[in-house]
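Protein chains: 4
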Amino acid sequence: MPLAQPDSFEHRPNRAEDLLVRTRRVRSFSLQLIEPLSAEDCAAQSMPDASPAKWHLAHTTWFFETFVLLPHSTGYRAYNEAFGRLFNSYYEALGARHPRPRRGLLTRPGLDEVLIYRAHVDRGLEDWLAGPAPAAAALDLLELGLHHERQHQELLLTDIKHLLSLNPLKPAYRASGTHPVVIAGHTHQTYSAGPTGRCDIGHGGADFGFDNEAPRHSRWLQPYALATRPVNNAEFRAFVEDGGYSRAELWLSDGWSTVQEQAWCRPCYWDESLQAEFTLGGMQAIDPTAPVCHVSYYEADAYARWSGARLPTEEEWEAVAAGHPLAGHFVESGLQQPRAAAGDGMRALFGDVWEWTGSAYLPYPGFAPAAGAVGEYNGKFMANQMVLRGGSCLSHSDHIRPTYRNFFYPDARWQMSGIRLARGV
Amino acid sequence: MPLAQPDSFEHRPNRAEDLLVRTRRVRSFSLQLIEPLSAEDCAAQSMPDASPAKWHLAHTTWFFETFVLLPHSTGYRAYNEAFGRLFNSYYEALGARHPRPRRGLLTRPGLDEVLIYRAHVDRGLEDWLAGPAPAAAALDLLELGLHHERQHQELLLTDIKHLLSLNPLKPAYRASGTHPVVIAGHTHQTYSAGPTGRCDIGHGGADFGFDNEAPRHSRWLQPYALATRPVNNAEFRAFVEDGGYSRAELWLSDGWSTVQEQAWCRPCYWDESLQAEFTLGGMQAIDPTAPVCHVSYYEADAYARWSGARLPTEEEWEAVAAGHPLAGHFVESGLQQPRAAAGDGMRALFGDVWEWTGSAYLPYPGFAPAAGAVGEYNGKFMANQMVLRGGSCLSHSDHIRPTYRNFFYPDARWQMSGIRLARGV
Amino acid sequence: MPLAQPDSFEHRPNRAEDLLVRTRRVRSFSLQLIEPLSAEDCAAQSMPDASPAKWHLAHTTWFFETFVLLPHSTGYRAYNEAFGRLFNSYYEALGARHPRPRRGLLTRPGLDEVLIYRAHVDRGLEDWLAGPAPAAAALDLLELGLHHERQHQELLLTDIKHLLSLNPLKPAYRASGTHPVVIAGHTHQTYSAGPTGRCDIGHGGADFGFDNEAPRHSRWLQPYALATRPVNNAEFRAFVEDGGYSRAELWLSDGWSTVQEQAWCRPCYWDESLQAEFTLGGMQAIDPTAPVCHVSYYEADAYARWSGARLPTEEEWEAVAAGHPLAGHFVESGLQQPRAAAGDGMRALFGDVWEWTGSAYLPYPGFAPAAGAVGEYNGKFMANQMVLRGGSCLSHSDHIRPTYRNFFYPDARWQMSGIRLARGV
Amino acid sequence: MPLAQPDSFEHRPNRAEDLLVRTRRVRSFSLQLIEPLSAEDCAAQSMPDASPAKWHLAHTTWFFETFVLLPHSTGYRAYNEAFGRLFNSYYEALGARHPRPRRGLLTRPGLDEVLIYRAHVDRGLEDWLAGPAPAAAALDLLELGLHHERQHQELLLTDIKHLLSLNPLKPAYRASGTHPVVIAGHTHQTYSAGPTGRCDIGHGGADFGFDNEAPRHSRWLQPYALATRPVNNAEFRAFVEDGGYSRAELWLSDGWSTVQEQAWCRPCYWDESLQAEFTLGGMQAIDPTAPVCHVSYYEADAYARWSGARLPTEEEWEAVAAGHPLAGHFVESGLQQPRAAAGDGMRALFGDVWEWTGSAYLPYPGFAPAAGAVGEYNGKFMANQMVLRGGSCLSHSDHIRPTYRNFFYPDARWQMSGIRLARGV
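Protein chains in written order, with the working numbering: chain L, 263 to 687; chain W, 263 to 687; chain X, 263 to 687; chain F, 263 to 687.
Be aware that one or more of the hints could be misleading.
Which copy is meant is left open, so a pair is good if it fits within one copy or across any two.
With a straight-line cut-off of 20 angstroms between C-alpha atoms, the simulated SDA-like cross-links for lysine to any residue are [what the hints assert, rightly or not]:
hint: 1; residue 1: LYS432; residue 2: GLN546
hint: 2; residue 1: LYS432; residue 2: ASN342
hint: 3; residue 1: LYS432; residue 2: THR420
hint: 4; residue 1: LYS432; residue 2: HIS658
hint: 5; residue 1: LYS432; residue 2: TYR507
hint: 6; residue 1: LYS432; residue 2: THR520
hint: 7; residue 1: LYS432; residue 2: PRO333
hint: 8; residue 1: LYS432; residue 2: TYR671
hint: 9; residue 1: LYS432; residue 2: GLY544
hint: 10; residue 1: LYS432; residue 2: ARG528
Because the hints were derived from the structure by calculation, they are not lab data.
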């Protein structure tokens, strides 16, 4: 009789149902991110490497339309065929694209219409997931799209930060989430030895992972130790005050050229006083205990040399991180700046700041990109970039894992990139 | 009895009253121009030479605040002191400026606030004009500001045209005002001799003129003749089809370099078919009888050489134009493209298209820039630019006169610039 | 009877004989100029605007071969047909050219072979002149070639000066000819009024003149006065010490941009002390009484503004110069730097330093370039350049006349360019 | 009695004696290389990445003077102290340097004086080696200098090749040494598996090795196979003819940008016909069986992708090469172009062409640069470059070993760089 009811609790969602829930969660988070922004804010592009928020909103939508709905959902009709050209990022296989440095000139379609475009595609996805069970390969592309949108959510925030930083009014994106909370006793740092000898790294399970994380394979690690936390602002300020930006011997040759050409003399958003920095909450006092952020690979490498240390390789980092829980500050916490991590042991591997490794971004042995246009997702960027690990306070925690490989050019500074030191033993 | 009434009609407005009326007319026209635009449209900057519509709205307002209200209106309070830096265009004497190529990144203040800023300054001007009679020098600056705003109204339209032209959707600014009206019988062109010997040119009266139009002075003119109308699209198309853009012998050396570097092969907004062009009304068929537009000085000069003619000097142009009424198509007509002029004699000297002259933009003998920061208005640009005369269909007729000297670099194409031929006799 | 003998003295050289003598004189002077140089010195190119000395030697030779010998001398055979491409400077009508910025990479042919090429063409010219009387038009081209080589002789020296200035060893071209001779009492400067009203300028006689000097025509001159001598080093140093290079209000807008981009803070070859300069004789003390040299148009214009004066127009300059003898320091004197001119009245109009005028380089009314490829000699450069007058201490006096129009871009500094002030009256 | 004589044969050279012999051999080889060149050839610089031959001669000499003689040879006097600035390549610790892109402007000192400078330093080295036994550390620096000069000998040849290639006359450096010898039967290629699992790589013995080859350490290798010979010209031509340079999907993203910006459509020195190439012997027919040469990393990577293969990692390459003798074509053979290798098994690992690996140039675990200025020799370049292995036909065999790591930017094409394919198994 009524005892049958508990059965109703035992409904186990199938993959399509699970993805429907996650789709709604991911898609609505993007809308949440633009709440504090005007249509004008969403349309501007501050540099060729950055994109307008509106473009991020539209491009992630285009991704679902192009790779999921149009090939796999019978009856779905493209919202506007011209958008294929406007919102393709870099997929050469998909034809002509709007030039990247001109994304800020696309005042039409306006933000209003882009939101209608999003709603149109959202409905398309929901209808499709509610219909006959989609093929696994199609669901894989949907899942890829969700992770793709997570990536663009972080980029949307770092790009808006860069845009607002160039405005002499120094406006805040959102006032909360950046106030420093200096926690006494967290500055202690030691080194902790990691696994050595033959170690396996890379993504190998059934869970989602990008193609560039696979295949799982062996590396041979010489003895080494990792710092128990990222370098903090007080430490990096000491480097600056010790003439770090004017001593050629501390720098890679290309880094030194960059320092001189760009007239770098401190991290990206610090002001001249070395006491305040631009944040998503506007100008703020620098928290000395928080991880230093917005440094390039060149600066990370120079800092490490100045410290008598080096950066970890990505295999060292992953061998250590694999044994730790996914704890740290992530975007869903509302925090907009990294913050010192409590405790004494190995900490803050995840969240807070992306950690530059000393590894070039190259294919793992046996790497094979996916078939079709999505094969361009990762593989073609495997030159001239360096690997970062661990996510940042602007990453969503459902998007980060120990095997995740982020990558940027060694002179990039507008990402939430920081430093963890390593040493041979 | 009622005979007294006519007196009430005899109130003759004093200068302040007259300027009040003109101020309202000029200021409201700027608002009318942005009616068809979204906030996003108004915020974008398509190239360093262009400015966002919002910036034009704010900069013209800043001009009145800076040069009229703050120094001359007791009790006026600046709307926001930070705007001085944001909306100063090029006045070195007034301190630091926001870099010109980054005007499109000023998403704050938003359009809404810029309109409030305009209203604040408009009220300030009205209060001031309604108060104790201002000094003549202060009213002169107000009048300068009105002409300044007329200049920016034309730039606002040419800048928006450039912006929209780069959008693959080819959106229209306003649908009306560009439809070609091919009028049979208007293609006839002859040459008509102009005054020779000692001729006086330049602005000399009590009416308004920019400092660069003065002083009035004598030139000696050899015999010459001017074409009775501007070169039209059909004629320029013949130049293109005759290989005009690939024959080095037709070009100035710097022009030929520009043709090759920029890969020019037709006027700025023509498409490959040579039959359609981008206009403020979107893509339109090219009217063969309308004056060719959006050609640079280099193209005008090459076309003239191909025709066995040359461009007029500015003194020749003015000597001829001084005898003609201010007839032509102007922006207040609602027309957005130049149109063929009816009739047979000398025509279309004013409005329709700015006419490149063969004269470099240099000071007249005895030229003296105004004192103070407004002295930077014109004089400091007297190098590397060429003079254009006559106004265009995007100029307001109350802003154009025979002595008016417009000037642009010889490679500029985004203005409404066309060609009138001349010949020695 | 013997009275007939005097007849033999009365042999009046015909034009071919006269040109033969002048050809030998001009051609051998080029060889004399490279005497102090090694083959390496003659091969290097210090910047795109400059050319290697070897290239000057070869290009001037190519000019005679291409325009005189090949079309007009039956039986003359080209030395090497490939040289047509290597040594054509800018004649589009004559086909492909070696790119200008790569002239310094032409290590083959070596200097030895270029000298053989010169001898081959010299013999060709002599044989031709000794043969049947050439047509007048052909002799005109020969004469053009001689003036062309005079131009390149001056460029050879200014280009070598630039090259050697970049060598940290600061080597001298030739030790003599640059020692300053400070002559007391020559610093006096006044202004002297020039002809006004209708004045004729331009070249009109039967003597040689470049096409750009013609036709002779009338101008109307308002009252003005010219400084009686060029600005000297002591005066220009006062401008520098008065902050001349850091006061925006003194500069044209394009000039101010150039000052900032190029970090100009003194004339081209002055050192930091403002007391010494690089010369063709190596580093030398600056002669305070000598005309300042190696300033751009922008600097000349800024200096004039700082002085409360202006630059003369080319018609003012010529109207004054037409009445003065061709007196001054020229290259045949062996002097390598300008020197103060003795006397009190109008002086040093010729030689010493080219004087920037405030006139853009544009065609005179009725200007027609020569037919054929030599029509590219002057006309196609009539945009974006300013006129200089009077020749320099590196010009040969047989090449200078009052109507001569030299022209350079307003930012050019490596020529022997100086300043004479003017004022309205 | 005379039986004692055999003893005199038993004199075993000590290290100083051995180095004296090697010094003479290496130093005289540099002179031999410039025999076919004029002083002009030796002075020119064809691009910023290349240096004049004269500069190579002087810089290698400066290295001995600066690091060996001045600090270690009592009584040695510098030839000319100014040379320290002129001929320092990139050692920041040693003060100001002449800017690299201006090396071609150093016409003084001339080649003659540079040869005298060489003789002065050669005598200094010989005197020093003949004197009291130098310290081992000083001899180490001498040995480093010899290997340094070997590197510059190869660069001298590749730089001269580049310079001559830009001359429209296409002059030969030396006529012999480049004639193709098509040997039938050498085009066979297979794949051969290499060692797997834990493998040691890097330099570990007492013999000379650069600091970047150490320390010897373990890597874990997954199963793989290497092609038995480099890709040849016929194979690469098939890639070109298959549209290799116009198919984006074959290229890394940065490579594709480079292809478009540089308009690459074939290897560096091939002509349009794909049948002839510029060599040190002038234009020559392309030998279809010879290894393809002068391809960038991007081209090597794209070719491998087109082939369904990949490039080897540097550890794979070294694990295989360690088991093979140092056989191949080297510069001492007089050959100037790579040539097909006879035989069937793994061949041509050494000499002929440098082989691009898929490994970024990064420090080995435990890498420590040498103390002092020579510490800048290798370490500071460990960013943005890729490793090449094996030497080329322009390397001297006494300079090449299996552990040798050469490195260039991925777009470099003027080196003797080719391709060996690899595959996972």
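Please work out whether the CA atoms of LYS432 and TYR507 approach to 20 angstroms or closer within one copy, between two copies, in both situations, or in neither?
-> Classified as neither: same-chain Cα gap 25 angstroms, cross-chain 32 angstroms, threshold 20 angstroms.
State whether the alpha carbon distance between LYS432 and TYR671 is at most 20 angstroms within one copy, between copies, both, or neither.
-> Neither: 27 angstroms inside a copy, 35 angstroms across copies.
For the identical chains here, do LYS432 and ARG528 meet the 20 angstroms Cα criterion within one copy, between copies, both, or neither?
-> Within one copy only: 18 angstroms inside, 38 angstroms across.
Quick one: LYS432 to GLN546, C-alpha cut-off 20 angstroms, is that within a copy, between copies, both, or neither?
-> within (11 angstroms within a copy, 43 angstroms between copies)
Can you tell me if LYS432 and ASN342 fall within 20 angstroms by alpha carbon in one copy, between copies, both or neither?
-> between (37 angstroms within a copy, 14 angstroms between copies)
How would you label the pair LYS432, GLY544 (within, between, both, or neither) given a Cα cut-off of 20 angstroms?
-> Within one copy only: 6 angstroms inside a chain, 37 angstroms across chains, cut-off 20 angstroms.
Can you give me the call for LYS432 and THR420, within, between, both or neither, at a CA distance of at most 20 angstroms?
-> within (15 angstroms within a copy, 30 angstroms between copies)
Tell me, please, which holds for LYS432 and THR520 at an alpha-carbon limit of 20 angstroms: within, between, both or neither?
-> The answer is neither: 26 angstroms in one copy and 30 angstroms across copies each exceed 20 angstroms.
Check LYS432 against HIS658 for me: Cα-Cα at most 20 angstroms, and say if that holds within a copy, between copies, both or neither.
-> neither (26 angstroms within a copy, 38 angstroms between copies)
Between LYS432 and PRO333, at a C-alpha cutoff of 20 angstroms, which is it: within one copy, between copies, both, or neither?
-> For LYS432 and PRO333, neither the intra-copy (45 angstroms) nor the inter-copy (28 angstroms) Cα distance is at most 20 angstroms.
Consistency note: the structure conflicts with the earlier hints numbered 4, 5, 6, 7, 8.
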